[in-house]
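**Student:** So you can see what is in the structure, the chains are spelled out below.
2 protein chains.
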Amino acid sequence: MEFYPHALLQMIECFAKLPGIGEKTAARLAFNMLKWLKEDAEKFSESIMRVVSEINECKKCFGYTEKEELCLICKNEKRDNKLLCIVEEFSDLAAIEKTGDYNGYYFVLGGRLSPIKGIGPESIHIDELVKRVKLDLSIEELILATNPTVEGEATAFYIAKAVRDLNKKISRIAFGIPMGGDLEYTDKVTLRRAIEGRKTF
Amino acid sequence: MEFYPHALLQMIECFAKLPGIGEKTAARLAFNMLKWLKEDAEKFSESIMRVVSEINECKKCFGYTEKEELCLICKNEKRDNKLLCIVEEFSDLAAIEKTGDYNGYYFVLGGRLSPIKGIGPESIHIDELVKRVKLDLSIEELILATNPTVEGEATAFYIAKAVRDLNKKISRIAFGIPMGGDLEYTDKVTLRRAIEGRKTF
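Note that the protein sequences, when read in sequence, are chains L and A.
So for the first sequence, our numbering puts the first residue at 9; every next one is plus one.
So for the second sequence, our numbering puts the first residue at 9; every next one is plus one.
It is worth saying that the hints were derived from the structure and are not from the lab.
Errors might be hidden in some of the hints.
What the hints assert, rightly or not - BS3-like mimics (lysine-lysine), calculated; alpha carbons at most 30 Å apart, straight line:
{"id": "1", "chain 1": "A", "residue 1": "Lys-43", "chain 2": "L", "residue 2": "Lys-68"}
{"id": "2", "chain 1": "A", "residue 1": "Lys-196", "chain 2": "L", "residue 2": "Lys-43"}
{"id": "3", "chain 1": "L", "residue 1": "Lys-51", "chain 2": "A", "residue 2": "Lys-25"}
{"id": "4", "chain 1": "A", "residue 1": "Lys-106", "chain 2": "L", "residue 2": "Lys-25"}
{"id": "5", "chain 1": "A", "residue 1": "Lys-43", "chain 2": "L", "residue 2": "Lys-67"}
{"id": "6", "chain 1": "A", "residue 1": "Lys-83", "chain 2": "L", "residue 2": "Lys-32"}
Construct the complete structure from the given sequences, taking the supplied hints into account.
**Tutor:** What follows is the structure, encoded as structure tokens:
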């Protein structure tokens, strides 16, 4: 591809570093960018630099914050300080926040326990979580919202054990058949969870 | 999404402008970029600005060139100046060039005729093509490599008619069953083309 302009090659390489984008898609995206307006490209270019240089971890929840020490959620004093929802990643926080139904605070672990990948409790923010729960006396309930995978479950168990003596209510988000789902086509594990988790009607 | 850092929101918007990337994928890509090394992000950011500000149309073939008037292929005097391959877009040129089998020059139309979309001969570089074929006496053969779509075929016909009197050999790339393909599952139009285009064995 020595006939490609160098900047184009470099851009294809960069796009190909993104998850789920192979070399062909990267080339297609780069060809498309050749036709972008200069001001749109400037905006894109600038946002990339701002994202890596101005966005940092929030000192309190380990989510993302721009320039300031605390993120917009931790700074918001109108939220319910009795609830703390524990998630693996910022993208999980974003998913819950978009429902508009949760008004407590969050804590982003920054991953999940995975002995196979060498991720132990010290690799994610579990110590910080325990410390926060100890110091923040307003917290009454911890909602464990790690994913329903083997690793996510193990992480939830580990946290539950670590905070057991702190005398807080500990809950786990519900797992079962998704809305609009079909019992006939639901996998066994989910169905078992749905039956175990049944509620009085 | 007012809890997103502003730079992140802006980046998601930019990613979502790319073809085939919806809002969810855009968010996934942006979340990934948060974890990029600063030097990689700088490279990406820089390549975007360079692509829109330094890459221009080659004055001769209307492909892309970086900073200079002529692209790397047009500048290369070792190629076969008897052959001129006519394609719709630079990405088609790139596909042919990657085979490594073609050693002539190219001409990029910058689109294809499409009366429905209001793209007439004056919207793509057909006049420039005719002029080039008239002036460049070394050209002996024009290879029409527009796509095998209704619009691509119409464009090929139009060009063939426009250069008919210039006394050059005019050829069209072959269409038929792709290598590794299966006759049983080949569509009728392709099969018809394959039979019509049969060659002595």
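**Student:** Now tell me, hint by hint, if it's right for this structure.
**Tutor:** The hints, checked one at a time:
1. Taking the CA atoms of Lys-43/A and Lys-68/L, the gap is near 19 Å; set against the 30 Å cutoff, the hint holds.
2. Restraint check for Lys-196/A and Lys-43/L: not satisfied, since their Cα atoms lie roughly 36 Å apart, outside the 30 Å limit.
3. The straight-line distance between the Cα atoms of Lys-51/L and Lys-25/A is roughly 12 Å, inside the 30 Å bound, and the hint therefore holds.
4. Note on Lys-106/A and Lys-25/L: the hinted pairing holds, with a Cα-Cα distance of about 22 Å set against a maximum of 30 Å.
5. With a C-alpha separation of about 17 Å, the suggested pairing of Lys-43/A with Lys-67/L holds against the 30 Å cut-off.
6. With a C-alpha separation of about 27 Å, the suggested pairing of Lys-83/A with Lys-32/L holds against the 30 Å cut-off.
The structure fails to meet hint 2 from the earlier list, while all remaining hints are met.
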